[in-house]
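These protein sequence lines map, in sequence, to chains A and B.
Per my numbering, residue 40 is the first one in the first sequence, and the count goes up by one each step.
Per my numbering, residue 45 is the first one in the second sequence, and the count goes up by one each step.
Read the hints as simulated data drawn from the structure, not as lab findings.
Warning: the hint list may mix true and false statements.
Negatives, chain A to chain B, calculated, CB over 10 Å [stated by the list, open to error]:
#1 Gly53
#2 Ala91
#3 Leu92
#4 Leu98
#5 Ser194
#6 Ala235
#7 Asp344
#8 Ala373
#9 Ala382
Interface residues of chain A toward chain B, partial, derived using beta-carbon atoms under 7 Å [as the list claims (entries may be wrong)]:
#10 Thr232
#11 Phe287
#12 Ser302
#13 Ala315
Remember, it's a predicted structure, so these values are computed and weren't measured experimentally.
C-beta: ideal position from N, C-alpha, C; glycine also.
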Amino acid sequence: MSGAGDRTVLAVEGLDVGTGHTPLLRDVTFSIARGERVGLIGESGSGKSLTALAVMGLLGEGLHARGDVRLSGRTPATRNLLEVGEREMARLRGDAVTMVFQEPMTALNPTMRVGAQVTEVMRIHGTRDTAGARARAVELLDQVGLPDPAHLARSYPHELSGGQRQRVVLAIALANDPALLICDEPTTALDVTVQATVLDLVVRGVQERDAAMLFITHDLAVVATVCERVLVMYGGRIVEAGPVGEVFADPRHRYTQGLIGASDLAGERGRRQRAALPTIQGTVPPAGRFPDGCVFRSRCAHATDECATLPGWTPRREGDGPGQGSAPGEVGRAAGYACFHPAGGAA
Amino acid sequence: MVRAVRDVSLSVGRGERFGVVGESGSGKSTLLRLICGLDRPTSGEVLVEGRSIGDQPARRLVWLRQRLQLVFQDPMSSLDPRMRVHDIIAEPLVSQGIGGDHAARVGELLGRVGLDPEAARRYPHQFSGGQRQRISVARALAPDPDILVMDEPVSALDVSVRAQVLNLVDEIVDGLDLTLVFVSHDLSVVRHVCDRVAVMSSGEVVETGETERLFAEPGHDYTRSLVAAIPDLRAALAGRSAEDLARGVGPAS
Chain A
40 MSGAGDRTVL
50 AVEGLDVGTG
60 HTPLLRDVTF
70 SIARGERVGL
80 IGESGSGKSL
90 TALAVMGLLG
100 EGLHARGDVR
110 LSGRTPATRN
120 LLEVGEREMA
130 RLRGDAVTMV
140 FQEPMTALNP
150 TMRVGAQVTE
160 VMRIHGTRDT
170 AGARARAVEL
180 LDQVGLPDPA
190 HLARSYPHEL
200 SGGQRQRVVL
210 AIALANDPAL
220 LICDEPTTAL
230 DVTVQATVLD
240 LVVRGVQERD
250 AAMLFITHDL
260 AVVATVCERV
270 LVMYGGRIVE
280 AGPVGEVFAD
290 PRHRYTQGLI
300 GASDLAGERG
310 RRQRAALPTI
320 QGTVPPAGRF
330 PDGCVFRSRC
340 AHATDECATL
350 PGWTPRREGD
360 GPGQGSAPGE
370 VGRAAGYACF
380 HPAGGAA
Chain B
45 MVRAVRDVSL
55 SVGRGERFGV
65 VGESGSGKST
75 LLRLICGLDR
85 PTSGEVLVEG
95 RSIGDQPARR
105 LVWLRQRLQL
115 VFQDPMSSLD
125 PRMRVHDIIA
135 EPLVSQGIGG
145 DHAARVGELL
155 GRVGLDPEAA
165 RRYPHQFSGG
175 QRQRISVARA
185 LAPDPDILVM
195 DEPVSALDVS
205 VRAQVLNLVD
215 EIVDGLDLTL
225 VFVSHDLSVV
235 RHVCDRVAVM
245 SSGEVVETGE
255 TERLFAEPGH
265 DYTRSLVAAI
275 PDLRAALAGR
285 SAEDLARGVG
295 PAS
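Chain A extracted, bound-state conformation:
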């Protein structure tokens, strides 16, 4: 491993997930370094959540994963997580890798006081003794901005607002100082003012721990606010990846371009225009119904016969070729796209 590679926390290579005959994720490859915040965007059915569940070892029954997933937390990434048993995965979850879900009510145990739920995750993983965990739980609740944390620790989830519950979930996720925090639409169910506060707490929480973060959302503006790098997913494949500033300012894949156009309600001049919004034709096909070759070609205005074959990965800049990525496992896919008829690139 190179020196830079030592900072890699998560390396996913050639991840395929599917049921018996329906492929759902294909050749998903990316890596996240320590302290790096990476966004995963796409519409519903693109495979974002499935990617997170595969990494966590939480795929539902009947789903099979192939490929290579390595996590270096407290121990180096010697084993493919897709091959380790459930017991070992259970030891990693909640400790080296933790997750914040969209719906905070279903993520918490309704019959247990919230302080005890924060304490539990430290006791299960043996990171603190009982007294230490209790004290630490109050500290954590304080860090996520909950008022009067010692008192609030004695509340049940139903006594809290949605925003407060999501802060509790975040406190649980941060309790064992994870190497990797996965957030799946953590603020989608929250009001916009609460979202702003929770996003701030999430970023602060991972920054303080120098943790890696994978942030899943359909909201491009949220990704641009929170993340440094972005992966664009469609039809179970990563179709474009790169630094947020580059991908959003100069999208290369036609899907990324369409997505940005369709979400740009403010318009070029920062104010509403009566002109119609750019749209992507049609709708996202159901799982397993994406076309062969380029997954986007059935909705793409630029598609040609060539797109019936799978487009290879083109690095955004020359010199970013295979093997030139900043970390092993990236296989040069840190910044690039898979499209025969790319947009932009004028720079």
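Starting from the known structure of chain A, arrange chain B on it as the hints suggest.
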């Protein structure tokens, strides 16, 4: 007594695109139900085209249903899964005793919302979320209303489909000279759609104004924090961080 909506006074002019924004619990859905005659105000009145709707029983509101129609957020739960699309769209015509060739009218409406006439024979579950929302719009347009009330009509949709439905709303409101009341928690969407906006918080309208003015110079503290909290792609690329967003909102809520 719990007051869901308090001392709200506002008026919407003919042909106007009026937005109501607020966070959960702000009272915007209650206000919408009052406007549509689905709930009764404890005190005060709602006038539609000069006629009061507050003190009349539902069966006396047929005239209102003809003039004012509603589109809901979730197109799955607002379309009867056991009815064919034709029957769903024709239902307002049937219930209001509007005669004529329903099949032709349904075909015309399907075309208007960008669906194939063949869709009339199918069931809601055979359509995607965006297509279902088009069916909801077609149903709302069936009795040829003057006023269209939409409750979070794009909140359940993907971004690319949201753009299609917003364009459709634009088209029909302009094309049919409708008055639009558009309720949403999403300020960016309201900004795109509406000429004038009322901002609600804790059951009260804290500010009303021309959309652009309200965004550029919010007059009320609450509006200011709401506007400051909206993540924006361009602002983010220019360096606005999550910390900046949170700072704009002020002390933890």
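Now for the hints, and whether the structure bears them out:
Chain B leaves A:Gly53 outside its interface by the beta-carbon criterion, the shortest separation being 27 Å against a cut-off of 10 Å. No Cβ of chain B approaches the Cβ of A:Ala91 within 10 Å, the least distance being about 18 Å, so the stated non-interface status holds. Separation of A:Leu92 from chain B is adequate, the least Cβ-Cβ distance of about 20 Å exceeding the 10 Å criterion. Under the 10 Å C-beta cut-off, the non-interface status given to A:Leu98 relative to chain B holds; the minimum distance is some 23 Å.
Chain B leaves A:Ser194 outside its interface by the beta-carbon criterion, the shortest separation being 16 Å against a cut-off of 10 Å. Listed as outside the interface, A:Ala235 is inconsistent with that label: its C-beta sits roughly 4 Å from the nearest C-beta of chain B, within the 10 Å cut-off. No Cβ of chain B comes within 10 Å of the Cβ of A:Asp344; the nearest lies about 24 Å off, and the non-interface call holds. With a least beta-carbon separation of about 19 Å from chain B, A:Ala373 lies farther than 10 Å from that chain, consistent with its non-interface assignment.
With a minimum CB-CB distance of about 16 Å to chain B, A:Ala382 clears the 10 Å threshold, and the non-interface call stands. The closest approach between the C-beta of A:Thr232 and any C-beta of chain B is roughly 5 Å, which is under the 7 Å cut-off, so the hint is satisfied. Annotation: A:Phe287 was flagged as interfacial toward chain B, and the flag holds, the nearest CB pair being 6 Å apart, inside 7 Å. With a least beta-carbon distance of about 5 Å to chain B, the hint placing A:Ser302 at the interface is held under the 7 Å criterion.
For A:Ala315, the shortest C-beta to C-beta distance to chain B is roughly 5 Å, which falls under 7 Å, so the interface hint holds.
Of the hints listed earlier, the one the structure fails to meet is number 6.
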